[in-house]
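J.: Chain order of the listed sequences is A and B. The numbers in the numbering used here rise by one with no breaks, and the one at position 283 of the first sequence is 283. The numbers in the numbering used here rise by one with no breaks, and the one at position 488 of the second sequence is 826.
No lab work stands behind these hints, which were simulated from the structure alone. In this text, a Cβ means the ideal position worked out from N, Cα and C, and glycines have one as well. Please note that a few of the clues may not be correct.
[Claimed, not checked] Here are the simulated DSSO-like pairs of lysine-lysine, each with C-alpha atoms no more than 27 Å apart in a straight line:
#, chain 1, residue 1, chain 2, residue 2
1, B, K526, B, K462
2, A, K29, B, K677
3, B, K347, B, K462
4, B, K478, A, K284
5, A, K330, B, K677
6, B, K347, B, K643
7, A, K29, A, K279
8, A, K135, B, K677
9, A, K29, B, K725
10, B, K387, B, K499
11, B, K462, B, K478
12, B, K608, B, K387
13, A, K29, A, K330
14, B, K478, B, K347
15, A, K279, B, K417
16, A, K279, A, K330
17, B, K526, B, K643
18, A, K330, B, K725
19, A, K330, A, K135
20, B, K574, B, K553
21, B, K526, B, K499
22, B, K462, B, K417
23, B, K574, B, K725
24, B, K553, A, K135
[Claimed, not checked] Anything over 10 Å on all C-beta distances counts as not near chain A; from chain B, calculated:
#, residue
25, I441
26, Q443
27, G483
28, Y585
29, R697
30, G738
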Amino acid sequence: MNSTSTTPLPADFAASGNSTPRRKFGAAKIWDNYGMLMVFAALFVACSVFVPNFLTMINMRGLGLAVSLAGMVACGMLFCLASGDFDLSVASVVACAGVMAAVVINRTDSIALGIFAGLGVGLFFGFVNGFVIAKLQINALITTLASMQIARGVAYLISDGKAVGISQEDFFLLGNSAWLNIPVPVWITLICLCVFGFLLNRTLFGRNTLAIGGNEEAARLAGVNVVRTKIVIFTLTGLVAAFAGIVLASRMTSGQPMTSIGFELTVISACVLGGVSLKGGVGKISYVIAGVLILGTVENAMNLLNISPFTQYVVRGLILLAAVILDRYKQQAQLRQR
Amino acid sequence: MSVPYLEFKNIGKRFPGVVALQGISFACREGEVHALMGENGAGKSTLLKILSGNHAPSEGELALAGQSRQFAHTVDALKAGVAVIYQELHLVPDITVAENIYIGQLPHRFGVVDRPRLRADAGKQLAQLGLDIDPDTPLKQLSIGQWQMVEIAKALTRDAKVIAFDEPTSSLSAREIQQLFRVIRELKAQGRVILYVSHRMEEIFQLADQITVFKDGRYVCTFDDMQQVTHDQLVKAMVGRDVGDIYGYTPRPIGGPRLDVMALHAPGMKHAVSLSVRAGEIVGLFGLIGAGRSELMKAIFGGVKPYAGEVRVDGRPIAIRSPIHAIQAGIMLCPEDRKAEGIVPVHSVRDNINISARRNAVRAGCLINDTWEADNSQRKVRELNVKTPSDEQLIRNLSGGNQQKVILGRWLSEDMKVILLDEPTRGIDVGAKNEIYNVIYALANRGIAVLFVSSDLPEVLGLADRILVMREGAISGELSHDEATEETVLGLAMPREMVAA
């Protein structure tokens, strides 16, 4: 499969050398790749200096756990955004998968069955989202708004509206143990980031995702299987959200149907803050890492400084607004330097 | 012979990262029409913007009647008697013609508009141009051609000595063009300096006393004596080399049937269509807009699901349920609307070239092969002479012609048997057109069947071995390269009622 048949033009057709491949390693490229990570680094240093108790072992673990959930879900969201869509149902899938896992573990006494049932929830909602959006050509906003409510409703129905305590204590290890002094959920998030980063950058699937986001019709007419790729994107997003929900249930030792309300907007905010384009076609895993870390650090610092939750909403909104305005200037600068 | 009134002295203009104009020096005389010509991006519009005070020149200077002038603003230019009439007219549709003519300098008494004087003055200006327009008509009730006249009248109220026109005829009807030309000749007789930018050769030959040619932001030459200039000389000056007959058609050996379309019927098509293209043959599909040409092309490619019919390549029927099936069978399509259907603007030239063929180059069924990606795209950039600093450049920064070459490069990376080209040279300048024709000939010489759609009749006549004419969704006739003339092709393309009329 390595050789490709192409259509060569006659040798004498090639015009006299005009192409002088010149790589550009300007400040612009470095900023594009690492800019928001540098912003995070600066923020981290500032918090270490000015925020009491920020740079302590306990707080770092707390920060790691807090960003791990957003980090996992944002991996899937990155693909949705890169393909030009988004998924509002992820927070409900987190809750529904956690509750499903709790209920199945209690009924069957099998942790494995519980985890599979939770993942099944994500697989189901993700596939349905993808099928309706790609095959039936229904707008992603409406589709995932609907599945968001359905998944939340199912979570309440199977839990009877209450938190479901889990009987199998071994299950709690997933969310509450540590390896090399780093909590397991953080390790899982790191693995997710690596896997999704690899998928986006290094595979046909990832490149097709970006092409669809950049221009869906052009991608289709260039032979990209848009329907299949989109179904896979939404299914993966559902799966990774469900897995995050299972880890969360383990950390909380129960499946809670009312958890993570509004969390989908936090995840989208983090991605956009990091530099993922809402218009599609532009996205990197490093953007997601930066966005999730910045948002998590700000929240953590505000908690340590005893800033009220009401103020925190305002600050989060302002940060997001600043990020998108910055992004707009960045795009204009790119257009000008042609 | 009159003296130079308007002089450009070594004008240059740099934008961040681009030199738009460099070392432009020429002079325009009173009572003459001076035409500016050049390909897209040659710098004509930038020069007009400097003249109108929209841009300040980075170097050099403007002189009016021997006096050096600097315009910091459009108002300065207007005060100095320089008016530029752009393609997009700067008028207010909801107010009257008279108000538009005197906008910014309405006659008034103690701040109250003096209506009777406004009407009388505007009427005088319009009469001077030989126009029969009531000054009290709201502008929006007039045609685009009349809007342009209002814009000219507005320039005259400021006593503009220099009037520049930027592609004034692009949206005018034949009759409106004649009226515009009459007015321009009148202005010329009054001793004004006219600058005239246009792509249309016939207009230039009708109107101009002098022609200055630009290329890539530089001054090429000025033709002073219109009696001595030929069409070919002008094209050569604009393109920078001798293109001769830009189509350069030569017959080539033609093989057996390659593409067979049998009774294909799809959404957007009025009737089922059958056609066939042989190996190495270039077939041009001509028809008026709305004849269903693009829909047919997309249906052959599987871009829309057909209702009925069959497509065969080398005699083998192919399932045309989606573009992937067509590509695997060796059918490629360069779509009509490059920006909306062809390119992924936010991605690099490399990604745009490899978007399709990379599926065959991946390792282990899914892993991107970076070596292949770079090699393939750089080879295609070289072969097709795509003008880009590197293949990592974003494709949206390339000109239309180079974007089209990238799309051709995409399909050259596949095992091509049939290529469908929908308006392959629309919006592309002469030099790049010629290169694209050469690619088309090279493909045909390799035995590929070429089917192209074009609204540019000379292009269809110049390029095609055989011409299929569509009328009202059906193929109304077929002409060989030698039989086809503008008359025969148009005769087959016109709707029957129109021919009768």
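J.: Decide, hint by hint, whether the structure agrees.
T.: Status of the hints after comparison with the structure:
Among the hinted pairs, K526(B) with K462(B) is consistent with the structure: their alpha-carbon atoms are about 19 Å apart, no more than 27 Å. Under the criterion of a C-alpha separation no larger than 27 Å, the hint pairing K29(A) with K677(B) is consistent with the structure, at around 25 Å. The suggested pairing of K347(B) with K462(B) is violated, with an alpha-carbon distance near 37 Å, which exceeds 27 Å. For the given pair, K478(B) sits about 49 Å from K284(A) by alpha-carbon distance, which is inconsistent with the 27 Å threshold.
For the hint pairing K330(A) with K677(B), the CA-to-CA distance comes to about 22 Å; that is within 27 Å, so the pair holds. Straight-line distance between C-alpha atoms of K347(B) and K643(B) comes to about 60 Å, which puts the hinted pair past the 27 Å bound. Between K29(A) and K279(A) the alpha-carbon distance is near 20 Å, which keeps this suggested pair within the 27 Å criterion. In summary, the hint linking K135(A) to K677(B) is supported, as the alpha carbons are separated by about 24 Å, within the 27 Å threshold.
Between K29(A) and K725(B) the alpha-carbon distance is near 22 Å, which keeps this suggested pair within the 27 Å criterion. At most 27 Å may separate the alpha-carbon atoms for a hinted pair to count; K387(B) and K499(B) meet this at roughly 17 Å. Of the supplied pair hints, the one linking K462(B) and K478(B) holds, its CA atoms being roughly 21 Å apart against a limit of 27 Å. For the proposed pair K608(B) and K387(B), the alpha carbon gap of about 47 Å is over 27 Å, so the pair is violated.
Taking the CA atoms of K29(A) and K330(A), the gap is near 11 Å; set against the 27 Å cutoff, the hint holds. In summary, the hint linking K478(B) to K347(B) is not supported, as the alpha carbons are separated by about 40 Å, beyond the 27 Å threshold. Our distance criterion of 27 Å between C-alpha atoms is broken by K279(A) and K417(B), whose separation comes to about 45 Å. For the hint pairing K279(A) with K330(A), the CA-to-CA distance comes to about 14 Å; that is within 27 Å, so the pair holds.
Only pairs whose Cα atoms come within 27 Å are accepted, and K526(B) paired with K643(B) is rejected, the gap being roughly 58 Å. Under the criterion of a C-alpha separation no larger than 27 Å, the hint pairing K330(A) with K725(B) is consistent with the structure, at around 25 Å. With a C-alpha separation of about 35 Å, the suggested pair K330(A) and K135(A) falls outside the 27 Å cut-off, and the hint is violated. Between K574(B) and K553(B), the direct Cα distance comes to roughly 11 Å. Compliance with the 27 Å bound is thereby established for this hinted pair.
Proposed proximity of K526(B) and K499(B) is supported: the alpha carbons are some 10 Å apart, at most 27 Å. Between the alpha carbons of K462(B) and K417(B) the distance comes to roughly 21 Å, so the proposed pair stays at or under 27 Å and holds. With a C-alpha separation of about 20 Å, the suggested pairing of K574(B) with K725(B) holds against the 27 Å cut-off. Distance hint between K553(B) and K135(A) is unfulfilled; the C-alpha atoms sit about 49 Å from each other, more than 27 Å.
A cut-off of 10 Å between C-beta atoms confirms that I441(B) is not in contact with chain A; the least separation is 32 Å. Non-interface status of Q443(B) relative to chain A is upheld: no Cβ of that chain comes within 10 Å, the nearest being about 36 Å off. No Cβ of chain A comes within 10 Å of the Cβ of G483(B); the nearest lies about 35 Å off, and the non-interface call holds. Residue-level check passed: Y585(B) sits 17 Å from the nearest beta carbon of chain A, beyond 10 Å.
Not every CB of chain A lies more than 10 Å from the CB of R697(B), the least distance being 6 Å, so the non-interface label is violated. At roughly 14 Å from the closest C-beta of chain A, the C-beta of G738(B) stays outside 10 Å, upholding its exclusion from the interface.
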